[in-house]
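Undergrad: One-letter residues, chain by chain:
Number of protein chains: 2
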Amino acid sequence: MSFEHHVEELNRRVESTLDEWLPDDAMPPRPLHRSMRYAVFNGGKRIRPLLSYATADVLGIERQSVDPIAAAIELIHCYSLVHDDLPAMDDDDLRRGKPTVHRAFDEATAILCGDALQALAFEKLANETQQAAIVGYLASACSSAGMAGGQALDLMYEATRPEQADIEHMFRLKTGALLDAAVLMPALLAGSSKNDCLALREFAESVGLAFQIIDDLLDVEGTSEQIGKPAGSDQAMDKASWPLLYGIDAAHQRSEALIQQAAESLQRLEGNTEPLRWMAQRILRRNF
Amino acid sequence: MSFEHHVEELNRRVESTLDEWLPDDAMPPRPLHRSMRYAVFNGGKRIRPLLSYATADVLGIERQSVDPIAAAIELIHCYSLVHDDLPAMDDDDLRRGKPTVHRAFDEATAILCGDALQALAFEKLANETQQAAIVGYLASACSSAGMAGGQALDLMYEATRPEQADIEHMFRLKTGALLDAAVLMPALLAGSSKNDCLALREFAESVGLAFQIIDDLLDVEGTSEQIGKPAGSDQAMDKASWPLLYGIDAAHQRSEALIQQAAESLQRLEGNTEPLRWMAQRILRRNF
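If you read the protein sequences in the order shown, they are chains A and B.
In terms of the working numbering, the first sequence opens at residue 81 and continues consecutively.
In terms of the working numbering, the second sequence opens at residue 81 and continues consecutively.
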């Protein structure tokens, strides 16, 4: 059965782990715990956990063995959204059509919410996998050489016209590092060969870059309803946007080519590559 | 030779590890990397690393074996100061007499600086100790059941009159959790007995509580020069301050009694307790 038919079940799977991990919101400090659950259970598409589960399939390991990886990476993703939305950062009022955390609660709670979600991710990942190398890999993806560094570059590029290579380097850090961790952590868990790791890394790099170009395209072409916040905000914020800088048609072509490249990387793997292939197509065709 | 004579050397030791760990500030994104070094090399007293080194002594393990623990916990402490100083939190302009990170750089950089310091702590601790249990312990101390939760309670208690038990519970999370980790992580590394861990935990609990009461006392009694920011800011912010709520004399008595209690906990340990005893006295007599 195609991976598509497992998506709902896998989403329930990661949400059940997240529900188990997150402190009860009746436990003090209640506003903080409520904000953490609000940030996590927000209708997210769970792309990163799905990539981890799809990688488990290609590596031939049990899906349930990557449950802690899937949930930890989603916590990190959610924390990054809470901080990115803050007034000092992107200053967004809406996220998936609902008030952002600093709007629904307050700014101090949103800062602490992100901080606590990051800590929770590492706590649970460490305690449940008991594998320091996996924790170190995820932490590196979150660092100034990964996601946080990409966000800093994004802010630096506002109101500038970066070269295409620079904007793509920023994408690799901002979005790519976490997608890379989503497929490489299962490989570390499985003790995969260097060749398999390399193929997965190339897959993730292409998919991550395409993901962010499509994100920028959605901001230009999508409706506010589709993207859950005002469309055109990149332009309004003078963000370094791939399609705005290099053209909408070129952006479509580049993302198509990257997804094609991702599919080619998968040919070097021996297991069942259909789930990752499906995920790459889903990312290319997404409208959310 | 008394532990006192090793303090300078141990401070150099942890600063050399931190210098090695922190990305070069010539590496992009430069503002982020500069802010990280600015936040860490700020004249801090390195109390938490010193507690870890002092614990190594009592447990009879090599001081160098706790280098990654000492540096990781200092990164976490530094990240927490950067976020606590933010306008939405304590809104402090000065820290140890110098502009706070959001003042020296900007608010977005300060948020990302704290985020990246937290990630770096877990990355290096995981990769250098290869012990997931130690990483999980530190992450738990940073979580909503630890430091981040304590900070949230502190904000909730502004303009209220919490019971003494409530304010002390808040101190246990806000300050105590990290001091507890500073002594318990070396114990995990050493594979200490349950009894030793229990004695160390009681020591840390008393010291942590005293530490925060003294912090509040310094805000009331210290000069701005001593504490490196405007004295009296707790009162100005309507913070839940132990001495303001329960009296200055009572605060002195309570902190003396707690340090006495900490010394008693040490009597149950068999190794050289002089370093931890000296640290407890240093915390009681501190004027910074």
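Bear in mind the hints are in silico, worked out from the structure with no lab data behind them.
The beta-carbon is built from N, C-alpha and C at its ideal position, and this holds for glycine as well.
Accuracy of the hints is not assured; some may be wrong.
Claimed, not checked - Stretch by stretch, here's where chain A covers chain B in the computed footprint (C-beta under 8 angstroms, at least three residues):
{"hint": "1", "stretch": "107-120"}
{"hint": "2", "stretch": "207-218"}
Claimed, not checked - The following residues of chain A were derived to be distant from chain B, with all beta-carbon distances above 12 angstroms:
{"hint": "3", "residue": "164"}
{"hint": "4", "residue": "186"}
{"hint": "5", "residue": "326"}
Undergrad: Now look at each hint and say whether the structure bears it out.
TA: These are the hints, each one checked on the structure:
With a cut-off of 8 angstroms between beta carbons, the stretch 107-120 of chain B has 6 residues touching chain A; three or more are needed, and the interface restraint holds. With 8 residues having a beta carbon nearer than 8 angstroms to a beta carbon of chain A, the stretch 207-218 of chain B meets the requirement of three or more and the stated coverage holds. A Cβ of chain B approaches the Cβ of residue 164 of chain A within 12 angstroms, the least distance being about 9 angstroms, so the stated non-interface status is violated. In this structure residue 186 of chain A is not separated from chain B by more than 12 angstroms, as the shortest Cβ-Cβ distance comes to only about 7 angstroms.
No beta-carbon of chain B is positioned within 12 angstroms of the beta-carbon of residue 326 of chain A; the least distance is around 21 angstroms.
Taken one by one, the earlier hints fail for this structure at numbers 3, 4, listed in ascending order.
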